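A.B. asks: Next come the chains, spelled out residue by residue.
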Amino acid sequence: MMRLELVKRPQRSALFSMLSPFIAFALTIIAGAILFALLGVNPLNAFKIYFIEPISQVWQLHELAIKAAPLILIAVGLSVCYKANIWNIGAEGQFIFGAIFGSAIPVLFPQFEGPLVLPLMLLLGMVGGAAYAAIPALLKTRFNTNEILTSLMLVYVAQLFLDWLVRGPWRDPQGHGFPQTIQFGDSAVLPELMPDAGRANWGFVFALVAAVLIWILMGRMLKGFEVRVLGSSPRAGRFAGFGLNRMVFFAFLLSGALAGLAGISEVSGAIGQLQPVISPGYGFTAIIVAFLGRLNPLGIIGAGLVLALTYLGGEAVQSALGISDKVARVFQGMLLFFVLGCDTLIHYRIRLIGLALTKQEPAAKLEAAPKLKEAR
Amino acid sequence: MDITVNILLTIATAATPLLIAAIGELVVERSGVLNLGVEGMMIMGAVGGFGAGHLTGSPWIGLLAAIAMGALFSLLFAVMTLSLATNQVATGLSLTLLGLGLSGMIGTSFVGQPGVRLPNLDIPVLTDIPVIGKLLFGQDPIFYISIALTSAVMWFLFKTRTGLTLRSIGDSHTSAHALGIKVIRYRYLAVIFGGACAGLAGGHLSLVYTPQWVENMSAGRGWIALALVVFASWRPWRVLAGAYIFGAVWIGQLHAQAFGIPVPSQMLSSLPYLATVVVLVLISRNKRLTMMNTPASLGQPFVPDR
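In order, the protein sequences belong to chains A and B.
Residue 1 is where the first sequence starts when you use the numbering used here, and the numbers rise one by one after that.
Residue 1 is where the second sequence starts when you use the numbering used here, and the numbers rise one by one after that.
It should be emphasised that the hints constitute simulated quantities derived from the structure, not laboratory data.
What you are looking at is a predicted structure, and each value in this text was computed from that prediction instead of being measured.
Yeah, the Cβ is synthetic: ideal placement off N, Cα and C, and Gly gets one too.
There's no promise every hint is true.
Stated by the list, open to error - Just so you have them, the derived chain A footprint on chain B, three or more residues with Cβ under 8 angstroms: (1) 96 to 106; (2) 148 to 154; (3) 241 to 247; (4) 275 to 281.
Said to hold, decoys possible - Chain A regions said to be covered by chain B (calculated; three or more residues, Cβ under 8 angstroms): (5) 60 to 71; (6) 133 to 145; (7) 175 to 187.
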């Protein structure tokens with residue numbers, strides 16, 4: 001019988017810290033090949049359709065940027081939370097509330113036009129996302145409530161609230177009963193970067209700027225140090241005078257605001273109106289992006305592009321091979337699994353031990369254990 | 001009278017999957033492991049149960065498949081968190097994400113297909129007793145399993161030596177390890193038990209509650225089950241009470257929608273989720289009490305030193 005044993009490294013391995021996302025990606029490809037083979041598809045052909053064809057033309061790169069923008073925006077915010085050991089998993093709800101708050105202007109005041117509209121919408125979107133994220137933060141600091149469960153429950157509430165809005169008070173009266181708001185006016189639409197080449201809009205620029213700003217915050221400023229100290233040892237943080245409650249609010253408001261910005265950018269840029277469903281699970285996929293990017297904002301840019309490709313690839317294999325586009329979800333889930341598994345290599349060496357073969361001390365100690373128990 | 005009985009029956013049907021999933025997770029958390037993948041294991045159980053039932057025509061085979069699917073899926077979590085010492089929160093989340101995706105992919109061909117339903121218990125004479133007959137002797141088999149399971153877990157945790165050992169591991173894995181207890185082995189078994197329970201709960205959804213396959217049909221029940229464990233302060237009988245309260249909320253809002261109460265249906269649908277938040281706030285308010293009840297090494301990775 002084989003047994004796994006973890007041996008702690010004296011210090012974290014810089015090599016595996018760099019390599020682990022790539023090993024994880026390679027393992028995902030292998031597992032994906034098996035999956036495709038099981039589905040009766042030639043894996044090589046499937047991979048070509050999944051990973052290469054969706055990005056072989058310029059306009060397709062624009063589509064990639066559209067999908068990557070919200071993922072990166074949300075994930076850099078989440079990376080701050082997770083570094084601080086605060087578990088906001090309700091970004092999907094904050095994304096929706098950002099979209100709702102920001103859309104209030106074009107939906108309720110369609111006559112209001114001009115250069116002020118868009119900045120106001122983006123600001124309101126950030127306020128909406130932050131306000132919605134403040135709820136779990138408040139409950140955690142004030143009532144000691146588990147933020148994982150509350151932030152997630154609020155996702156369902158947000159989805160239902162949006163559904164009610166677009167079917168009820170905000171429904172387009174001229175929309176033939178379709179559950180959607182009016183189309184946003186020209187000044188409420190996020191401009192495209194290069195309209196001649198493709199659809200990518202300013203949302204992608206926001207994502208890059210946010211990533212760089214958070215990278216500076218985390219690496220070069222005291223606040224970033226505070227995040228890391230409180231995340232790895234709350235006790236040490238308390239001695240240094242860092243308040244845990246303030247950190248909970250900081251992390252939630254920041255990640256909520258970024259998720260809200262992602263939400264309003266998506267609605268204003270890619271969709272152009274509010275609909276019952278405005279996100280293919282960006283808020284959850286961003287969790288994977290954050291971990292694949294090793295919670296590093298610059299790594300998250302790369303990870304966001306990879307995960308965006310899994311969405312496009314899913315659509316591509318669906319139309320080309322007739323495989324469910326849920327295959328994208330499976331790829332994303334597997335990727336996160338392998339990333340987490342490979343991260344073990346950073347802190348531990350893994351030894352495979354055949355139990356029957358070893359005569360070393362560890363095995364002997366292991367044998368002694370049950371006897372001890374019997375003797376008691 | 002009949003209406004009351006019917007409402008009670010539907011409440012029991014809504015509460016059963018919550019109860020089973022939460023009881024399984026309670027055992028897992030008592031051993032010191034936090035598995036946030038309940039939703040994922042549940043939906044895998046639902047699709048596995050539906051698929052096996054649909055293909056073989058036997059709901060009983062479906063039931064077994066649901067349990068096996070949940071257990072198998074939880075094994076993935078166990079290998080990651082126990083053998084590779086990964087972060088339990090992140091791994092549990094990824095289990096849920098993977099489960100939702102995988103079940104959607106497996107279930108593509110099941111959408112709109114007729115399912116099979118586990119037959120209700122029907123004992124001549126006994127089931128025909130007015131009022132209590134149907135409540136006690138006329139429900140679906142998983143209802144009885146859920147009650148038996150709760151009693152068994154209560155007995156196991158608090159009346160057996162193995163149960164005591166399991167709880168001691170949850171409170172201090174280092175002490176337990178020093179005493180020669182095989183921490184990792186116990187935790188493997190606990191996690192797989194939790195997975196089997198979550199799979200069974202999912203099987204209830206697709207073989208009893210609504211015998212068909214609908215994507216994401218677990219609708220957050222796995223997360224509510226996780227909240228129930230906190231609500232119950234890690235005590236089985238309180239999980240039972242909590243599951244029935246939530247079952248009542250779930251059914252209450254459905255009835256309110258059917259009666260056409262002048263409140264948006266979306267608001268009623270969000271009640272179970274809002275109730276979860278409120279309940280969590282109420283139960284967590286007393287910080288000292290929560291700390292006393294929570295298994296002390298919950299969620300912390302453990303690597304045995306040798």
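A.B. asks: Please name the hints from earlier in the document that this structure breaks, with their numbers sorted from lowest to highest.
C.D. replies: 2, 3, 5 and 7
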